[in-house]
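Now for the letters of each chain:
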Amino acid sequence: VSAGNAIASRPTLSPPPIVPRAQLIGSPAFDAVFVIGSPLVGLALVLGAAQWIAPARVEEYVLSFLAVGHHVPTFLRAYGDPDERARSRARLTWVPAGLVLLLVALNAVDSRLLALTFVWDQYHFVRQHYGFMRIYDAKARAIDPLDARLDLWLCFSWFIWIVSESDLYSYVYASHLVDAGMLPPAWLGTGIRNAALAIALAVTLRYALRLRERRRLGLPIAWLKLALTATTYGVWYVAYVAIADFTLSYAISSCFHCLQYDAFAWHYNRAKAGALAGREGSRVFRAVHAPGRLWIYVACIASYGVLSWALLAAAPTAVLLVNRCTGLLHYYYDSFIWRVRQPEFRRHL
Amino acid sequence: VKLGALPASEPLRIAAFFLVVGSALVLFELNRPQPDAEATLVFWQDHAARHPDFALAHSRLGLAYQAAGRDDLARDAYERALALEPDLEEAAIGLNNALRRSAGRAASLAQLEAYAAAHPDCLVCAYNLAADHLALGALERARPLVERALREGGDASSPSYGERDLRLEALLLAGRYHAARGERASAISYFEAALARDPESRAAKRQLAQLRAQAPLDSQPTDP
Chain A
1 VSAGNAIASR
11 PTLSPPPIVP
21 RAQLIGSPAF
31 DAVFVIGSPL
41 VGLALVLGAA
51 QWIAPARVEE
61 YVLSFLAVGH
71 HVPTFLRAYG
81 DPDERARSRA
91 RLTWVPAGLV
101 LLLVALNAVD
111 SRLLALTFVW
121 DQYHFVRQHY
131 GFMRIYDAKA
141 RAIDPLDARL
151 DLWLCFSWFI
161 WIVSESDLYS
171 YVYASHLVDA
181 GMLPPAWLGT
191 GIRNAALAIA
201 LAVTLRYALR
211 LRERRRLGLP
221 IAWLKLALTA
231 TTYGVWYVAY
241 VAIADFTLSY
251 AISSCFHCLQ
261 YDAFAWHYNR
271 AKAGALAGRE
281 GSRVFRAVHA
291 PGRLWIYVAC
301 IASYGVLSWA
311 LLAAAPTAVL
321 LVNRCTGLLH
331 YYYDSFIWRV
341 RQPEFRRHL
Chain B
1001 VKLGALPASE
1011 PLRIAAFFLV
1021 VGSALVLFEL
1031 NRPQPDAEAT
1041 LVFWQDHAAR
1051 HPDFALAHSR
1061 LGLAYQAAGR
1071 DDLARDAYER
1081 ALALEPDLEE
1091 AAIGLNNALR
1101 RSAGRAASLA
1111 QLEAYAAAHP
1121 DCLVCAYNLA
1131 ADHLALGALE
1141 RARPLVERAL
1151 REGGDASSPS
1161 YGERDLRLEA
1171 LLLAGRYHAA
1181 RGERASAISY
1191 FEAALARDPE
1201 SRAAKRQLAQ
1211 LRAQAPLDSQ
1221 PTDP
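In the order they appear, the protein sequences are chains A and B.
Number 303 in the numbering used here belongs to position 303 of the first sequence; there are no gaps in the numbering.
In the numbering used here, each residue carries its 1-based index in the second sequence increased by 1000.
Please keep in mind that the hints were generated in silico from the structure rather than gathered at the bench.
Hints are not guaranteed to be accurate.
Listed below are several chain B residues computed to face chain A (Cβ distance under 7 angstroms; list not exhaustive) [what the hints assert, rightly or not]:
no., residue
1, 1011
2, 1029
3, 1032
4, 1033
5, 1043
6, 1047
7, 1054
8, 1056
9, 1057
Simulated restraints on C-beta separations [what the hints assert, rightly or not]:
no., chain 1, residue 1, chain 2, residue 2, range
10, B, 1028, A, 294, 44 to 54 angstroms
11, B, 1103, A, 306, 42 to 52 angstroms
12, A, 105, B, 1038, 31 to 41 angstroms
13, B, 1020, A, 216, 41 to 51 angstroms
14, B, 1017, A, 281, 25 to 35 angstroms
15, B, 1103, A, 118, 30 to 40 angstroms
16, B, 1011, A, 230, 38 to 48 angstroms
17, B, 1028, A, 153, 28 to 38 angstroms
18, B, 1017, A, 344, 18 to 28 angstroms
19, B, 1119, A, 165, 26 to 36 angstroms
20, B, 1031, A, 48, 43 to 53 angstroms
From chain B, some residues computed to sit far from chain A (all C-beta separations above 10 angstroms) [unchecked claim]:
no., residue
21, 1071
22, 1105
23, 1106
24, 1117
25, 1141
26, 1203
Since we're looking at a predicted model, the values are computed, not measured.
Built from N, CA and C at the ideal position, the CB exists for glycine as well.
Model the full structure from these sequences, guided by the hints.
Below you can see the structure in the form of structure tokens.
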């Protein structure tokens, strides 16, 4: 889930308070399990599975069945929702065509360059979290461009610090750059780590002052986004820095990212499908998201993951290219299909 | 560039974007800096010093030492990586390569056989062991490993292995196995298959030239 800028100008009067129930995305249980508590659920699932299965196998299953599968809801929304299709027709038609050509060419020239798309993957993780923060702000009517900017700085500064503290991710970034022929200066790792920490601490202080100011002015505060930030960044720190077995790091992070995404997309698309009753060109979208059809939605996600996993041994290059292509489209489409500033999107939240 | 000069319609803007990205990648590829072994070594030394308890960093440092021709230091780095993470395949293979160059095939064979016994899934181990057995003339011990390489070998990519075409390497191993057994027809057929897979393969060309310089074919090709 991604979001653009905040959607309204700075409020001048204290709006009426929103009851806590109305600040949730779904039911209390939905938000607790699939959004705010999702990082903890992901952590428990992956660590629990690692007690029974080899960590490398856990990582393989998470990547195959969850990470690859969660591209599907993006495509269901982008191509299934007639409003989204009409809004973004050119992008949904020409970008995939260009991307396929680019990926095939890159793979033929030097597939190591493809590994650099990992940076976008990590950026996408943070943008999803930021998107949920925007949604909780919108739900609590705590919308303000200054707070949106502070959220963005908070998200990225702490994430970059966690990544630079992480043995695994420092290594992943360093080796991808070196393999692609771009040897970074030796001071870069330490420099980024120190700068990110300094910025994160400064932003956190400013953030705390801003919260106090909002409270003093009687402006609403989206406490749920703060709770989500605490669980997300806490689990990211555990997964990336504290856990010694690096095969589980990405699995934990990917597991909760996908749980959040799949659950939110289902929740949102179901509301949207209800509003599309009788609309031409929405039959597939409505069929997948109709009440009582959760199994079809889950089957769509699972089938792409299982199919990729089953065909990987027979045609590794082709499967990885297809997965990479859907992954990049997923990152790109997410940057505009879930925009909180889009009034049509907010109507179905 | 003035904004007004940019293509107005969205399909044209998308096409322009891919054109720019494609051109940038072509330019990068044409001017890609050649890796400097010493600078790369300094980078990984610094990286391993900042992440002293991370096995992959030491394994990668071992590779950088090897590239700089310092096999003894490479061995130390790989051994440190294996002490931190005994299952780390990259480090086991790297140590094997460093031992082969600095301590001989017998030492490298003993090290990798111990690792492969504990890690039967290690496919690259089968390749290295097969190559060592063939070099030492232990053909019967090489045979099951070559068969496994032919059966399972595909493409492999790892920072420590580089881009390896394991299918090509399996064909070369099979050719060497038959050549060592004096089965010239089979050996030639495998080297020809290797050459068909990679027309630039110098190993396949060299082996084929040697075999063809010998007496005429005396048998039909056979599978190992």
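Here's how the hints hold up against the structure:
Taken as an interface hint, residue 1011 of chain B checks out: its beta carbon lies about 5 angstroms from the nearest beta carbon of chain A, inside 7 angstroms. Given the 7 angstroms rule on beta carbons, the hint for residue 1029 of chain B holds: about 6 angstroms separates it from the nearest Cβ of chain A. Interface hint at residue 1032 of chain B: satisfied, since its Cβ lies 4 angstroms from the closest Cβ of chain A, which is below the 7 angstroms cut-off. About 6 angstroms separates the beta-carbon of residue 1033 of chain B from the nearest beta-carbon of chain A, less than 7 angstroms, and the hint is met.
The beta carbon of residue 1043 of chain B is positioned within 7 angstroms of a beta carbon in chain A (closest approach about 5 angstroms), and the interface hint is therefore held. Evaluation of the residue 1047 of chain B hint against chain A yields a held restraint, the C-beta minimum of about 6 angstroms falling below 7 angstroms. A distance limit of 7 angstroms between C-beta atoms decides the matter here; for residue 1054 of chain B the minimum to chain A is near 4 angstroms, and the interface restraint holds. Contact between residue 1056 of chain B and chain A, as hinted, is supported at the beta carbon level, the nearest pair being about 5 angstroms apart and thus within 7 angstroms.
Checking residue 1057 of chain B against chain A: minimum C-beta separation of about 6 angstroms stays under 7 angstroms; hint holds. Take residue 1028 of chain B and residue 294 of chain A: their Cβ atoms lie about 46 angstroms apart, and the range 44 to 54 angstroms holds. The hint said 42 to 52 angstroms for the Cβ distance between residue 1103 of chain B and residue 306 of chain A, and at roughly 47 angstroms that hint holds. Evaluation of the 31 to 41 angstroms hint for residue 105 of chain A and residue 1038 of chain B yields a pass: the beta carbon distance comes to about 33 angstroms.
The beta-carbon spacing between residue 1020 of chain B and residue 216 of chain A, approximately 49 angstroms, falls within the hinted interval of 41 to 51 angstroms. Our hint of 25 to 35 angstroms for residue 1017 of chain B and residue 281 of chain A holds, since their Cβ atoms are close to 28 angstroms apart. The given range of 30 to 40 angstroms is respected by residue 1103 of chain B and residue 118 of chain A, whose C-beta atoms sit roughly 37 angstroms from each other. Taking 38 to 48 angstroms as the suggested C-beta distance range, the pair residue 1011 of chain B and residue 230 of chain A conforms, at roughly 44 angstroms.
Separated by about 31 angstroms at the C-beta atoms, residue 1028 of chain B and residue 153 of chain A satisfy the suggested range of 28 to 38 angstroms. The supplied range of 18 to 28 angstroms is met by residue 1017 of chain B and residue 344 of chain A, whose beta-carbon atoms lie about 26 angstroms from each other. For residue 1119 of chain B and residue 165 of chain A, the Cβ-Cβ distance of about 31 angstroms falls inside the hinted range of 26 to 36 angstroms, so the restraint holds. A beta carbon spacing of about 49 angstroms between residue 1031 of chain B and residue 48 of chain A agrees with the range 43 to 53 angstroms that was offered as a hint.
No Cβ of chain A comes within 10 angstroms of the Cβ of residue 1071 of chain B; the nearest lies about 21 angstroms off, and the non-interface call holds. Look at residue 1105 of chain B: its CB is around 29 angstroms from the nearest CB on chain A, clear of 10 angstroms, so calling it non-interface holds up. Look at residue 1106 of chain B: its CB is around 31 angstroms from the nearest CB on chain A, clear of 10 angstroms, so calling it non-interface holds up. At roughly 18 angstroms from the closest C-beta of chain A, the C-beta of residue 1117 of chain B stays outside 10 angstroms, upholding its exclusion from the interface.
Residue 1141 of chain B, annotated as away from the interface, keeps every beta carbon of chain A farther than 10 angstroms; the closest lies near 27 angstroms. Against the 10 angstroms criterion, residue 1203 of chain B stays outside the reach of chain A, whose nearest CB is about 23 angstroms from its own CB.
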